[in-house]
Structures are given as structure tokens and as C-alpha cells.
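Q: Here is what each chain is made of, one letter per residue.
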Amino acid sequence: GAVVSQHPSWVICKSGTSVKIECRSLDFQATTMFWYRQFPKQSLMLMATSNEGSKATYEQGVEKDKFLINHASLTLSTLTVTSAHPEDSSFYICSARDVPGGVFEAFFGQGTRLTVV
Amino acid sequence: GESVGLHLPTLSVQEGDNSIINCAYSNSASDYFIWYKQESGKGPQFIIDIRSNMDKRQGQRVTVLLNKTVKHLSLQIAATQPGDSAVYFCAEDSGGSNYKLTFGKGTLLTVNP
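Chains as they are written, first to last, in this note's numbering: chain S, 1 to 117; chain A, 1 to 113.
Hint data in this document are derived by calculation from the structure and do not stem from the laboratory. Wrong hints could be hidden among the right ones.
[What the hints assert, rightly or not] Some chain A residues near chain S, calculated using beta-carbon distances under 7 Å:
hint : residue
1    : Ile34
2    : Gly43
3    : Pro44
4    : Phe46
5    : Asp49
6    : Tyr99
7    : Leu101
8    : Lys105
9    : Gly106
[Unchecked claim] Using C-beta positions, here's what the derived DEER-type ranges look like:
hint : chain 1 : residue 1 : chain 2 : residue 2 : range
10   : A       : Gln60     : S       : Pro100    : 21 to 31 Å
11   : A       : Phe46     : S       : Lys41     : 13 to 23 Å
12   : A       : Asn98     : S       : His7      : 19 to 29 Å
13   : S       : Asn70     : A       : Ser97     : 19 to 29 Å
14   : S       : Val3      : A       : Asn112    : 28 to 38 Å
Just so it is clear, the structure is predicted and the values come from calculations on it, not from any experiment. Glycine is no exception: its CB is placed at the ideal position from the N, C-alpha and C atoms.
Given only the sequences and the hints, what does the whole structure look like? Please build it.
A: Dropping the structure here:
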């Protein structure tokens, strides 16, 4: 199956700093990428949907100024957590689909464990 | 399974038994469904998918059943192995132009040797 690579796999940062997480589709063009947040023992919560070259669509309750998403190319999307606080500590996961191109299933990255201290 | 507070529904089986994991989906307009397996600390991994024009699809050791009348999806795992221990999520695609998937609450499968 297709491969989606997410980096870093874990990061520890100080409160008030910003952290960038990268998501790359390695062998297909990801026309649509998704960013999820997951708390322990819970399901994936969709934060935003991004299409290459356009602004991300954020889910209700997700602060767009805090979680900056950039999808500058068909293979790369980034999530920047700005002015991180301990409550932002979570597992962040990206996924990619190319439904117009026939890639119906969503492929997931390996996730990023963010700890804000 | 039903969620109780923040705790995932759990299913515990003996190695070699068959497992059935259930999922109730929300949108009658959904036309594509996927089952994912998530191991601790990792991203979800695709298991099997099914379109709404089908009611059954089989893979290697796995079968997905779709009942559109009651909006129910199930995943059957034959001869369950310890390596199958994980959280299993169903996901539905309601066919919107943004192609997003909606995930169910998940079920924790534990396989006892």
C-alpha cells in the first residue's frame, strides 16, 4: 500500500514555543490531507482538511490561528502548533487520500507524540 | 460496541477463536467504509474496505459485513492471533466533496495466548 511519512515521531517542547509536524506522501499525490488529534483511549478527532494550494478547512472548535496548516505541494502538508501549552500535549496523526486519482482509502502517518512542558 | 464514558469498548478472545467487532455508523448517505487497526503509539493501518453496493467482502482472515438497513458494520477476524491485539476503528465516507472520513469510537481487542 501507499506510504505516508510523518516527522517527527515524538517531540518535547517548552510552553510558549511552536512546533512543526511534517506529513509526506511518498508514492502518490495526496490531493487531500487530514490532520487528527487523538487522546489516550479515544478515537481520532479530525482537526482540519487541507487541499493542495488552498486554505485548510477546520472543524468546529479547532483554532485556526493556533494550528496552522500548510499544504504547499501534492506530497507535503505541515501542521504548526503555535504557542504550545501543556493542554496541547497529544498524539497528532496525518492522513492522505487521492479520491479523484482512485486512492479511496486514507493512508496514515505513524503519528507524532507532542509533549509540552 | 457502545462507549462508556471515555473507556473504549473491549473484546477479549482466546488465540485461535474468531473475533467479531461491531460498529454503528451515523450517516445513511455514507457510501464507503473502512476498517483500521491501530497498535499502541502508531498510526491506523488499513485492513479492509467495502462500498455501499456490497454487503460482504472478504480478505485474508478478515471479513467485513455491511447492513445498511440498520447502519451496522462488522469486522470478523478468523483464527485470531496475538498479533491481532490492537484497537479497531471503523470509518465512513459520506461522499462529501472534502473526502473526509468519520471514525467510530473504536474497540480494543485483546487476544489471550
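Q: Each of the hints needs a verdict: does it hold here or not?
A: The hints, checked one at a time:
{"no.": "1", "hint": "Ile34", "verdict": "holds (6 Å)"}
{"no.": "2", "hint": "Gly43", "verdict": "holds (4 Å)"}
{"no.": "3", "hint": "Pro44", "verdict": "holds (5 Å)"}
{"no.": "4", "hint": "Phe46", "verdict": "holds (5 Å)"}
{"no.": "5", "hint": "Asp49", "verdict": "holds (6 Å)"}
{"no.": "6", "hint": "Tyr99", "verdict": "holds (5 Å)"}
{"no.": "7", "hint": "Leu101", "verdict": "holds (6 Å)"}
{"no.": "8", "hint": "Lys105", "verdict": "holds (5 Å)"}
{"no.": "9", "hint": "Gly106", "verdict": "holds (5 Å)"}
{"no.": "10", "hint": "A:Gln60 <-> S:Pro100: 21 to 31 Å", "verdict": "holds (29 Å)"}
{"no.": "11", "hint": "A:Phe46 <-> S:Lys41: 13 to 23 Å", "verdict": "holds (22 Å)"}
{"no.": "12", "hint": "A:Asn98 <-> S:His7: 19 to 29 Å", "verdict": "holds (25 Å)"}
{"no.": "13", "hint": "S:Asn70 <-> A:Ser97: 19 to 29 Å", "verdict": "holds (21 Å)"}
{"no.": "14", "hint": "S:Val3 <-> A:Asn112: 28 to 38 Å", "verdict": "holds (33 Å)"}
Going through the hint list in order, the structure satisfies each hint without exception.
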